[in-house]
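Peer 1: Sequence:
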Amino acid sequence: MSQQPDTRAVKEYLLGLQERICQRLEAVDGRASFIRDSWDRPEGGGGISRVMADGGVIEKGGVNFSHVMGDTMPASATAHRPHLAGAPWQAMGVSLVIHPENPYVPTSHANVRFFIATPKDGEPVYWFGGGYDLTPYYGFDDDCVHWHQTARSACQPFGDEVYPKFRQWCDDYFYLKHRQEPRGVGGLFFDDYNTGNFEQDFAFMQAVGDSYIEAYEPIVRRRMDTPWGEREREFQLYRRGRYVEFNLVYDRGTLFGLQSGGRTESILMSLPPLVRWDYDRKPEPGSEEARLTDYFLTGRNWLEQSDDK
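Here UniProt numbering is used: the first residue of the sequence shown is 1, the next is one more, and so on.
Because the hints were derived from the structure by calculation, they are not lab data. Possibly wrong hints are sitting among the right ones.
Derived lysine-lysine pairs resembling PhoX-like cross-links, with alpha carbons at most 25 Å apart [claimed, not checked]:
id : residue 1 : residue 2
1  : Lys-282   : Lys-177
2  : Lys-165   : Lys-177
3  : Lys-11    : Lys-120
Make a model of the complete structure from these sequences and hints.
Peer 2: Spelled out as C-alpha cells, the structure:
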C-alpha cells in the first residue's frame with residue numbers, strides 16, 4: 001500500500017481528463033471546438049484553459065486545467081489548518097462549467113482537485129476535493145435520477161456511506177443562503193478527502209472525474225433538440241443570475257483562485273455570457289417556471305426509493 005502522494009500521476013490524469021471531456025463535448029456540440037489557451041502564473045505554475053463559445057449546443061463552456069504553487073499557503077486554505085500556515089504548496093485540478101443555449105438543457109459544473117503542502121520539518125500533507133452539480137431551468141425527473149444514479153455508481157466501490165454523505169454535502173454547499181434556495185438539483189461535493197491511503201483516495205477522485213461526462217452527456221443529447229422560444233430564454237437568463245450570485249459570493253474555488261494570484265480570466269470563466277436580473281420576479285403559479293422552484297429545487301433525494309430498499 002503506497003502512502004506517498006504521487007503528484008506526477010495526478011497531473012497526468014487531470015490533463016487526460018480535460019482532453020477526454022473536451023472531445024466528448026465537441027462531439028455533442030457538432031459545430032464549435034474548444035480553443036486552447038496556455039498561461040503561466042508569475043508566482044509559480046500555470047494552466048491550460050479550454051473555452052468554447054457560440055456552438056451548436058453550448059453557448060459558452062470552459063474546461064480548465066491548472067497547476068499552481070507557492071511558498072505560503074493562501075489564507076482560504078489554512079483557515080482550519082493553522083499548522084500549514086507558511087508551508088510551500090501545490091494545487092492542481094480540472095474545473096469546468098457548461099452553459100448550453102437551449103433552456104431545456106441544464107447547466108453543469110464539475111471539478112476535481114488535489115492539494116499538497118509540505119510543512120517545515122514535516123511530512124507532506126495532501127487532500128482531494130471535487131464533485132459535480134446540475135442546474136436545470138426546466139426540470140425533468142428522468143434527468144435528475146440519471147444524474148444521481150451515475151454519481152452513486154461512481155461512489156459505490158468506496159463504501160455505501162460515500163454517496164449519501166457527499167450528496168448531502170453538495171446540497172448544503174450549493175445553497176444560496178440569501179435566497180434560501182438550492183442552486184440546482186445537486187450531485188456530489190467533497191473536500192479535505194484523505195483516508196491515509198493515497199492510492200485509494202486518488203482512485204476515488206478519478207471515479208468522480210470520469211463519471212461526470214457519463215452523467216451529463218445523455219441529458220444534453222436528450223434535451224438539446226427541444227423547441228424553445230422567447231419565454232423560455234428570458235427565464236433561463238433570469239435563473240442564470242442565481243448562478244452568478246453563487247459563484248461570486250460563496251464559491252471556494254473562486255475565492256482560492258483570486259487569493260492565490262490565479263488567472264482572473266480562467267477563474268471567472270464559469271460565468272454565463274448573458275444573464276438578467278428582474279426585480280422581485282415571481283413565476284405564474286402552476287407554470288413550468290414555478291415548478292422549477294416548487295418541485296425541483298427543494299433539496300430532494302432523487303434516489304430515495306432506491307436508498308430505502
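Peer 1: Compare the distance between the alpha carbons of Lys-282 and Lys-177 with 25 Å, and conclude whether the hinted pair is satisfied.
Peer 2: Since the Cα atoms of Lys-282 and Lys-177 sit roughly 18 Å apart, the hinted pair holds (cutoff 25 Å).
Peer 1: CA of Lys-165 to CA of Lys-177, is that 25 Å or under?
Peer 2: Between Lys-165 and Lys-177 the Cα gap is close to 21 Å, so the pair holds against 25 Å.
Peer 1: For a C-alpha distance cap of 25 Å, please report whether Lys-11 and Lys-120 respect it.
Peer 2: Distance ~24 Å between Lys-11 and Lys-120 Cα, so the pair holds.
Checked against the numbered hints given earlier, the structure satisfies every one of them.
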